[in-house]
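Asks: Chain by chain, the residues run as shown.
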Amino acid sequence: MIETRQLTKRYGELTAVDGISFKLEPGRVLGFLGPNGAGKSTTMKMIAGFLAPTSGSATVCGHDVVDDALAAKRVVGYLPEGAPSYGEMTTRGFLDFVAEVRGLKGAHRTQRIDDVIERLHLNGVLEQPIETLSKGFKRRVGLAQAIVHDPAVLILDEPTDGLDPNQKHEVRALINAMAKDKTIVVSTHILEEVHAVCSRAIIIAQGKILADATPAELEARSRYHQAVSLTTANAAAAKEVLSRVADVAAIEIDPQDRRITAFPKPGKQIFGAISDLLKTQGIQVSELQLESGRMDEVFRTITQGEAKQVQA
Amino acid sequence: MSAITTIFKRELSSYFATPVAYVFIVIFLLLAGTFTFYLGNFYERGQADLLPFFSFHPWLYLFLVPAVGMRLWSEERKSGTIELLLTLPVTMWQAVAGKFLAAWAFIGIALVLTFPIWITVNYLGSPDNGVIFASYLGSFLMAGAFLAIGSCVSACTRNQVIAFILTVVVCFLFLLAGFPLVLNFFGAWAPQGLVDAISGLSFLTHFTSISKGVIDLRDLIYFLLTIAFWLYASAVVIDLKKAD
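Those sequence lines, one after another, are chains A and B.
FYI, in the working numbering the residues of the first sequence are 1 to 312.
FYI, in the working numbering the residues of the second sequence are 1 to 244.
Bear in mind the hints are in silico, worked out from the structure with no lab data behind them.
Glycine included, C-beta positions come from ideal geometry on N, C-alpha and C.
Check before you lean on any hint, since a few could be wrong.
Computed from the model, here is a short list of chain A residues facing chain B with C-beta under 8 Å [unchecked claim]:
| # | residue |
| --- | --- |
| 1 | Gly49 |
| 2 | Phe50 |
| 3 | Leu51 |
| 4 | Lys73 |
| 5 | Tyr78 |
| 6 | Pro80 |
| 7 | Tyr86 |
| 8 | Glu88 |
| 9 | Glu100 |
| 10 | Leu104 |
| 11 | Ile113 |
| 12 | Ala220 |
| 13 | Tyr224 |
| 14 | Phe271 |
| 15 | Ala273 |
| 16 | Leu277 |
Below, simulated PhoX-like cross-link-like pairs (lysine-lysine); rule was C-alpha separation at most 25 Å, straight line [stated by the list, open to error]:
| # | chain 1 | residue 1 | chain 2 | residue 2 |
| --- | --- | --- | --- | --- |
| 17 | B | Lys9 | B | Lys242 |
| 18 | B | Lys78 | A | Lys208 |
| 19 | A | Lys208 | A | Lys239 |
| 20 | A | Lys23 | A | Lys208 |
| 21 | A | Lys279 | A | Lys268 |
| 22 | A | Lys180 | A | Lys168 |
| 23 | B | Lys78 | A | Lys105 |
| 24 | A | Lys135 | A | Lys105 |
| 25 | B | Lys78 | A | Lys135 |
Anything over 12 Å on all C-beta distances counts as not near chain A; from chain B, calculated [stated by the list, open to error]:
| # | residue |
| --- | --- |
| 26 | Ser2 |
| 27 | Ala3 |
| 28 | Ile7 |
| 29 | Tyr15 |
| 30 | Phe16 |
| 31 | Thr81 |
| 32 | Leu88 |
| 33 | Gly98 |
| 34 | Phe185 |
| 35 | Leu217 |
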């Protein structure tokens, strides 16, 4: 469990994190979203016990990260941004080191190390110095050290940055597999990732929480939520038909791929009506889709809207 | 305590995982030998002692120990591993001590590898081995003091070159604290008490008195306190600067 209360970090004049409060229960995966420099990493560094908060507090599993730092660090697994590791060490040597500092002993240590090697497919690179590994492997070594002690709380700062699509998929599957009994915080600016792994998303910009909701709720804030898009050879006729549907508020045609999107009036469903009308009018569509909402659009609206307010 | 041991082992083995260790040891031994035999006139003096060997140690350390110390924290900061290390369940003190002790042990290994000169002098004559032992001890303690300064300076910057140069300068001041070069600077304006205090800080004075074979508790305490002070300062600096 993670709980922060008015967590704040100032560097002189600059307030990097400004009064962030949230509570996260085991079994939940929280996605931290925000533009670069929003304060995501600083918040995670404070929860992981690397930076001391200027004011406010954070606890993990009931241990305050400042007053009870060692106990807090014991239950946290942390992947710092960029997955740093000691380059001259071999993968096995590095994992051994982390496991030993974490107090794992004897057969249990061997078993835990074997388990993370297996989970992250590190078998082929065990005896290689980490500095000779590819970016993807380095990231996986970083993940392995974060979970080697089977922590109750996992803090991952951009865990999939720099991975290829297959590796991204594997890391997401790994996070999902661990999500059941752990409390996990993941930062990312890959929005599709929020859908893939998170049960809750917090958007922060300029150190403040701007939105705190499930991914589906965030998408519902999109203009595209419940919109219907279609592609057809006969665009003019299709547009004319769409404009006859009562609950359609606006129609847009993408100038690039000629895709037509019809936006509903607030709270209305238009998919059924459009589908029926197109059929009765005999207009052939090559594709007809109900949109769930576009996360990137929501993200832009929330973060940039706030920026404008702050400037004004 | 066990965390110190683990960090100590990791650090020490990392010296030997790269060419750093071998370059350092070879250069140290070469220079120590050269100074002893050519500048120190080891043979020509015709005396069975290691004075020509030990008297060059302060100057050897002045450049070689900062080269070991410069990477202690600069490298951790630069590569970001400091974040990893300090979010493991270790205290700041354990991290600082573990890393320092490993570097000190590494210099100790280089020092022990000078043993052929001890064998040589025992083969050629019958030296006072008590004095030689005391000198080795003094030399090792002095290296520790240099290294503790290096640890602190290295914590101030992520640039190893800057860490090296600043460490050399600070070490130089401490080395010569008891000599006119430094004392005249303070003597002109500072009260006599302060000047005496500064002259008492000289590494060279304390090292020379130990290497005469007199292991005075005050000299030992002086070096140990110096080490403790600079390590404490390292911890403070790391804590202040880890956010940058």
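Asks: Evaluate each hint against the coordinates.
Replies: Hint by hint, here is what the structure shows:
1. With a least beta-carbon distance of about 6 Å to chain B, the hint placing Gly49/A at the interface is held under the 8 Å criterion.
2. This hint holds: Phe50/A has a C-beta 5 Å from the nearest C-beta of chain B, less than the 8 Å allowed.
3. Among the interface hints, the one on Leu51/A holds; its C-beta lies about 6 Å from the nearest C-beta in chain B, closer than the 8 Å criterion.
4. Interface restraint check for Lys73/A: the shortest CB-CB distance to chain B comes to about 4 Å, inside 8 Å, so the restraint holds.
5. Among the interface hints, the one on Tyr78/A holds; its C-beta lies about 5 Å from the nearest C-beta in chain B, closer than the 8 Å criterion.
6. Given hint, Pro80/A at the interface with chain B, holds; its Cβ is 4 Å from that chain's nearest Cβ, closer than 8 Å.
7. Because the beta carbon of Tyr86/A sits about 6 Å from the nearest beta carbon in chain B, less than 8 Å, this interface hint is met.
8. Taking 8 Å as the C-beta contact cut-off toward chain B, the hint placing Glu88/A at the interface holds, the least distance being around 4 Å.
9. For Glu100/A, the interface hint holds, since its Cβ comes within 8 Å of a Cβ in chain B; the closest pair sits about 5 Å apart.
10. The beta carbon of Leu104/A comes no nearer than 11 Å to any beta carbon in chain B, farther than 8 Å, and the hint placing it at the interface is violated.
11. Taking 8 Å as the C-beta contact cut-off toward chain B, the hint placing Ile113/A at the interface is violated, the least distance being around 15 Å.
12. Nearest Cβ of chain B to the Cβ of Ala220/A: about 37 Å, over the 8 Å cut. The hint is violated.
13. Interface hint at Tyr224/A: violated, since its Cβ lies 39 Å from the closest Cβ of chain B, which is beyond the 8 Å cut-off.
14. At its closest, the beta carbon of Phe271/A sits 49 Å from a beta carbon of chain B; the interface hint therefore is violated under the 8 Å criterion.
15. For the restraint placing Ala273/A at the interface with chain B, the shortest Cβ-Cβ distance is roughly 55 Å, beyond the 8 Å limit, so the hint is violated.
16. About 59 Å separates the beta-carbon of Leu277/A from the nearest beta-carbon of chain B, more than 8 Å, and the hint is not met.
17. About 24 Å separates the Cα atoms of Lys9/B and Lys242/B, which keeps this hinted pair within 25 Å; it holds.
18. Between Lys78/B and Lys208/A the CA atoms are separated by roughly 29 Å; this puts the pair beyond 25 Å, and the hint is violated.
19. At roughly 42 Å between alpha-carbon atoms, Lys208/A and Lys239/A are farther apart than 25 Å, so this suggested pair is violated.
20. For the proposed pair Lys23/A and Lys208/A, the alpha carbon gap of about 15 Å is at most 25 Å, so the pair holds.
21. Taking the CA atoms of Lys279/A and Lys268/A, the gap is near 21 Å; set against the 25 Å cutoff, the hint holds.
22. Proposed proximity of Lys180/A and Lys168/A is supported: the alpha carbons are some 20 Å apart, at most 25 Å.
23. Pair hint Lys78/B plus Lys105/A does not hold up; C-alpha atoms about 31 Å apart against a cutoff of 25 Å.
24. Under the criterion of a C-alpha separation no larger than 25 Å, the hint pairing Lys135/A with Lys105/A is inconsistent with the structure, at around 30 Å.
25. Of the pairs offered as hints, the one joining Lys78/B and Lys135/A holds, with about 18 Å between alpha carbons and a cut-off of 25 Å not exceeded.
26. Not every Cβ of chain A is farther than 12 Å from the Cβ of Ser2/B; the closest lies at roughly 8 Å, contradicting the non-interface assignment.
27. With a closest Cβ-Cβ approach of about 6 Å to chain A, Ala3/B is found to fall inside the 12 Å limit, against its non-interface label.
28. The non-interface label for Ile7/B is inconsistent with chain A: the shortest C-beta to C-beta separation is roughly 7 Å, within 12 Å.
29. At the 12 Å boundary, the C-beta of Tyr15/B falls inside the reach of chain A, the nearest C-beta of that chain being 9 Å off.
30. For Phe16/B, the non-interface assignment is contradicted: its Cβ lies about 10 Å from the closest Cβ of chain A, within the 12 Å cut-off.
31. Distance check on Thr81/B: its Cβ comes as close as 5 Å (rounded) to a Cβ of chain A, failing to clear the 12 Å threshold; non-interface status is violated.
32. Separation of Leu88/B from chain A is inadequate, the least Cβ-Cβ distance of about 5 Å not exceeding the 12 Å criterion.
33. Look at Gly98/B: its CB is around 10 Å from the nearest CB on chain A, not clear of 12 Å, so calling it non-interface is violated.
34. With a least CB separation of 35 Å from chain A, Phe185/B remains clear of the 12 Å interface cut-off, as annotated.
35. Distance check for Leu217/B against chain A: the nearest CB is about 35 Å away, which clears 12 Å, and the non-interface claim stands.
The structure shown violates the earlier hints numbered 10, 11, 12, 13, 14, 15, 16, 18, 19, 23, 24, 26, 27, 28, 29, 30, 31, 32 and 33.
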